[in-house]
Amino acid sequence: MLTKLKRMALGASTALTMTSAAIAGPYDAYEGTTLVVNFPAQPHYNAVMKILPEFTKETGIEVEVDQLPYLKMRERQTLELGQDEGDYDLIAYVVFSKADYVYADQLENLARYFMNPKLADPSYDADDLIDGYVYNIGFAGGNKGYLQGKTGSLFGMPYGSETSVLGYRKDIFEKHGLSVPETYAEMLDIACKIPQLEPGMGGLSSRAASGHHAAHAFLLHLAPLGGRIFDDAWNPIVNNKAGVQAANALKKIIDCGPEGAASFGFGEALGSFLNGDTAMFLDTTVVAGQIDDASKSKVVGKVGWAMHPEGVRRGSQTGGFGIGIPKNAENKEAAFLLMQWLTSKTGDKLVALAGGNPSRFSTHADADVNAKFPHMATFGEALKHADPDWRPIIPVWGKINADLGTTLSKVLTEGLDVQVALDGVAERTRGVMEEAGYYTWQ
Amino acid sequence: MKSQKLNRMTPYVFMAPAVIIMGLALLYPLAYMIYGSFRAWDPSQNISETEFVGLKNYITLFFDPAFRESLSVTLTFAFAVVTAELAIGVGLALLLDRNIRGMSVLRTLFILPMMIAPVVVGLMWRYMYHPTVGTINRTLKSMGLEGVDWLGQHALLSVIIADIWQWTPFIFILSLAALQSLPRSALEAAKIDGATGWQQIRYIKLPLMMPVLIVTGLLRLIDAFKVLEVILVMTEGGPGLSTEIIALRISRTATEFRELGVAAAMSNYLLILLLILTLGMFVITRLQEARAARQARQIQEED
Numbered sequence: 001m002l003t004k005l006k007r008m009a010l011g012a013s014t015a016l017t018m019t020s021a022a023i024a025g026p027y028d029a030y031e032g033t034t035l036v037v038n039f040p041a042q043p044h045y046n047a048v049m050k051i052l053p054e055f056t057k058e059t060g061i062e063v064e065v066d067q068l069p070y071l072k073m074r075e076r077q078t079l080e081l082g083q084d085e086g087d088y089d090l091i092a093y094v095v096f097s098k099a100d101y102v103y104a105d106q107l108e109n110l111a112r113y114f115m116n117p118k119l120a121d122p123s124y125d126a127d128d129l130i131d132g133y134v135y136n137i138g139f140a141g142g143n144k145g146y147l148q149g150k151t152g153s154l155f156g157m158p159y160g161s162e163t164s165v166l167g168y169r170k171d172i173f174e175k176h177g178l179s180v181p182e183t184y185a186e187m188l189d190i191a192c193k194i195p196q197l198e199p200g201m202g203g204l205s206s207r208a209a210s211g212h213h214a215a216h217a218f219l220l221h222l223a224p225l226g227g228r229i230f231d232d233a234w235n236p237i238v239n240n241k242a243g244v245q246a247a248n249a250l251k252k253i254i255d256c257g258p259e260g261a262a263s264f265g266f267g268e269a270l271g272s273f274l275n276g277d278t279a280m281f282l283d284t285t286v287v288a289g290q291i292d293d294a295s296k297s298k299v300v301g302k303v304g305w306a307m308h309p310e311g312v313r314r315g316s317q318t319g320g321f322g323i324g325i326p327k328n329a330e331n332k333e334a335a336f337l338l339m340q341w342l343t344s345k346t347g348d349k350l351v352a353l354a355g356g357n358p359s360r361f362s363t364h365a366d367a368d369v370n371a372k373f374p375h376m377a378t379f380g381e382a383l384k385h386a387d388p389d390w391r392p393i394i395p396v397w398g399k400i401n402a403d404l405g406t407t408l409s410k411v412l413t414e415g416l417d418v419q420v421a422l423d424g425v426a427e428r429t430r431g432v433m434e435e436a437g438y439y440t441w442q
Numbered sequence: 001m002k003s004q005k006l007n008r009m010t011p012y013v014f015m016a017p018a019v020i021i022m023g024l025a026l027l028y029p030l031a032y033m034i035y036g037s038f039r040a041w042d043p044s045q046n047i048s049e050t051e052f053v054g055l056k057n058y059i060t061l062f063f064d065p066a067f068r069e070s071l072s073v074t075l076t077f078a079f080a081v082v083t084a085e086l087a088i089g090v091g092l093a094l095l096l097d098r099n100i101r102g103m104s105v106l107r108t109l110f111i112l113p114m115m116i117a118p119v120v121v122g123l124m125w126r127y128m129y130h131p132t133v134g135t136i137n138r139t140l141k142s143m144g145l146e147g148v149d150w151l152g153q154h155a156l157l158s159v160i161i162a163d164i165w166q167w168t169p170f171i172f173i174l175s176l177a178a179l180q181s182l183p184r185s186a187l188e189a190a191k192i193d194g195a196t197g198w199q200q201i202r203y204i205k206l207p208l209m210m211p212v213l214i215v216t217g218l219l220r221l222i223d224a225f226k227v228l229e230v231i232l233v234m235t236e237g238g239p240g241l242s243t244e245i246i247a248l249r250i251s252r253t254a255t256e257f258r259e260l261g262v263a264a265a266m267s268n269y270l271l272i273l274l275l276i277l278t279l280g281m282f283v284i285t286r287l288q289e290a291r292a293a294r295q296a297r298q299i300q301e302e303d
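Chain order of the listed sequences is A and B. Under our numbering, the first residue of the first sequence is numbered 1, with each subsequent residue one higher. Under our numbering, the first residue of the second sequence is numbered 1, with each subsequent residue one higher.
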């Protein structure tokens, strides 16, 4: 009897072991692995740092983070990705690095990971990810080479992505009976009314400093006003009617802006809004946290949020960061698991509650997230109009962007004629594109 | 015979470590840069994968209006700061070359600006120049004057002022050292002959300090051609290209435009320019020395 019982117990325990092996968790094989990741020092990734211990607790995978200033990241990544064996298992990259990394074959195509049943979580719900972000940051090889499309493929996931929204001073708007601008005409009108209604206050804070800042500010207006840098055959059309309108809008904003606005970088533009020197702020969503932080802001509780005003169409910016797996990574599968966890519904909600920028529609609509950050619903609405093509993501963009930014700075500070300035940009852009081989088929 | 050969080799053996270090640390990077300047080189590529393009990078740059503007900004900036710094630095040294109580404290205070990290200097001036909250405009406004758009309308002047503030002490300290090591006998003789203070400066102190001043000026000039951080932080080269000196353009070409070959060619242009300046200075010094020697010989012959 005893022997029988012993045999039964042995059989039961064997069966139990076998069952547990069969239903082994997806993370078991990677337990104890240490991933080395490269993240920027930026509000979203500061929030990510708070939730990473949760990932380790859940999966047993350790994460070592190399956090760098975002402008330094590119330099380090260029060195790391060019080696036979890199140090990083997962990297966060700025959107305009996508073109270079994919073109240099340095990022993993994510198809083989999402096809692997042992790695891909069936409840991931990729359709919930914000379309504009995925196409802007993750896709390559589709339309124009850098967008979604039938020939495109996924190389990264949006994480810490941003769009543009309009922040406005509720108290000032109420005091003067102004209504929140819905269109560009209304916004420009109010921007220039404010200095008269509130002496000493600027209308709208904008970046305008020479180079990247001025180019960014111009592009923010170009897409909603119906413009593009190139047509479908890569001919520069930045100097068309919409381009001139966008540059004039920027000039008007700066002229009616706070004192010294023409030399403002992003920091100064945000600073003047936080300081209460301007009534509106049209830029990235990433600043929302700082506006409600009493240690940094004098306008806590006074700021309302609205969608980026409409020109001939809606088209807010898409930018920020994505995460991808380098081709030379050591622990690619574990890196994918981290990437999937971070961008999953659970991970996205956790990071949003910690003060990060969510990448999913559902997180923007989530009750808990909205209870903590009431602006999230507006941001979610704005995201439906996020334009993945508001700025070209091609390898030569850096050079064109710099030229555009320095030329526009001359418009803002030296009184260079808008049409002449943009004609010059278009002509030089054509030269750059020609040299890069974009007209080979013409 | 063999030992003789070995003996002849001895100096070379002793020199070898220095030559190897020099070759590795100085010549290899330089050769690498020159080699790179003839190639179309993207930072994602290994240099061996790059394409040879001959002199294309140099020719493109030569006809590039942005590069020419950068070059002109660099020359204006460098000559303006070095002239002003030499004038103020030497002036201060002449004024303070005397026994004043607390002189050592004063001297330390004077050289403080050059001990501050360039990024901090840039940030400090950027905030001082701020149109609304900056110290300078607030002071001007409190005096009933109009505020000045420092980093907008007068960006180049603003960065020149910041550089003068930071680097005048360098000239001052070296000029003071030169002044204090001048032969007292010459000055005493001049005093006995009834030379005024100005005459002493004009005919004795300055000519005797000249070799030190030339080297100091040259060092500052070389440095001024390469200044990067202060301008990067203060204006990022703007507005337009008005403060984009070559060092900044090189950095942007390498990182923003991702054209390492062009950046290398630009560095070589800068190197050639500095070499010409250094050689020019060297020739001037030599000519001056030769003239002084000739004059000395003439005086001796007349005696």
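Any given hint could be a false lead.
Said to hold, decoys possible - Partner residues are not named here, just some residues of chain B that face chain A (Cβ under 8 angstroms, in silico):
id : residue
1  : G152
2  : Q153
3  : V233
4  : E236
5  : G238
6  : P239
7  : R252
8  : A290
Claimed, not checked - With a straight-line cut-off of 30 angstroms between C-alpha atoms, the simulated DSSO-like cross-links for lysine-lysine are:
id : chain 1 : residue 1 : chain 2 : residue 2
9  : A       : K298      : B       : K226
10 : A       : K72       : B       : K141
11 : A       : K175      : B       : K141
12 : A       : K252      : B       : K141
13 : A       : K144      : B       : K56
The hints are simulated quantities; they were obtained by calculation from the structure and are not laboratory data. For each residue, glycine too, the CB sits at the ideal point set by N, CA and C.
Verification of the hints:
Residue-level restraint check for B/G152 holds (minimum Cβ-Cβ distance to chain A is 5 angstroms; threshold 8 angstroms). The criterion of a C-beta within 8 angstroms of any C-beta in chain A is met by B/Q153, whose closest approach is roughly 7 angstroms, and the hint holds. With 8 angstroms as the threshold, the beta carbon of B/V233 stays out of range of chain A, its nearest partner Cβ sitting at about 10 angstroms, so the hint is violated. Restraint check, B/E236 versus chain A: the minimum CB separation of about 5 angstroms is within 8 angstroms; hint holds.
Look at B/G238: its Cβ gets to within about 2 angstroms of chain A, closer than 8 angstroms, so that hint holds up. A cut of 8 angstroms between beta carbons decides the hint on B/P239: the least distance to chain A is about 4 angstroms, and the hint holds. Checking B/R252 against chain A: minimum C-beta separation of about 6 angstroms stays under 8 angstroms; hint holds. Evaluation of the B/A290 hint against chain A yields a violated restraint, the C-beta minimum of about 47 angstroms exceeding 8 angstroms.
Using a Cα cut-off of 30 angstroms, the hinted pair A/K298 and B/K226 is violated, with the two alpha carbons roughly 40 angstroms apart. For the hint linking A/K72 to B/K141, the alpha-carbon distance of about 39 angstroms lies beyond 30 angstroms, and the restraint is violated. About 29 angstroms separates the Cα atoms of A/K175 and B/K141, which keeps this hinted pair within 30 angstroms; it holds. The hinted pair formed by A/K252 and B/K141 meets the criterion: a straight-line CA distance of about 26 angstroms does not exceed 30 angstroms.
For the proposed pair A/K144 and B/K56, the alpha carbon gap of about 29 angstroms is at most 30 angstroms, so the pair holds.
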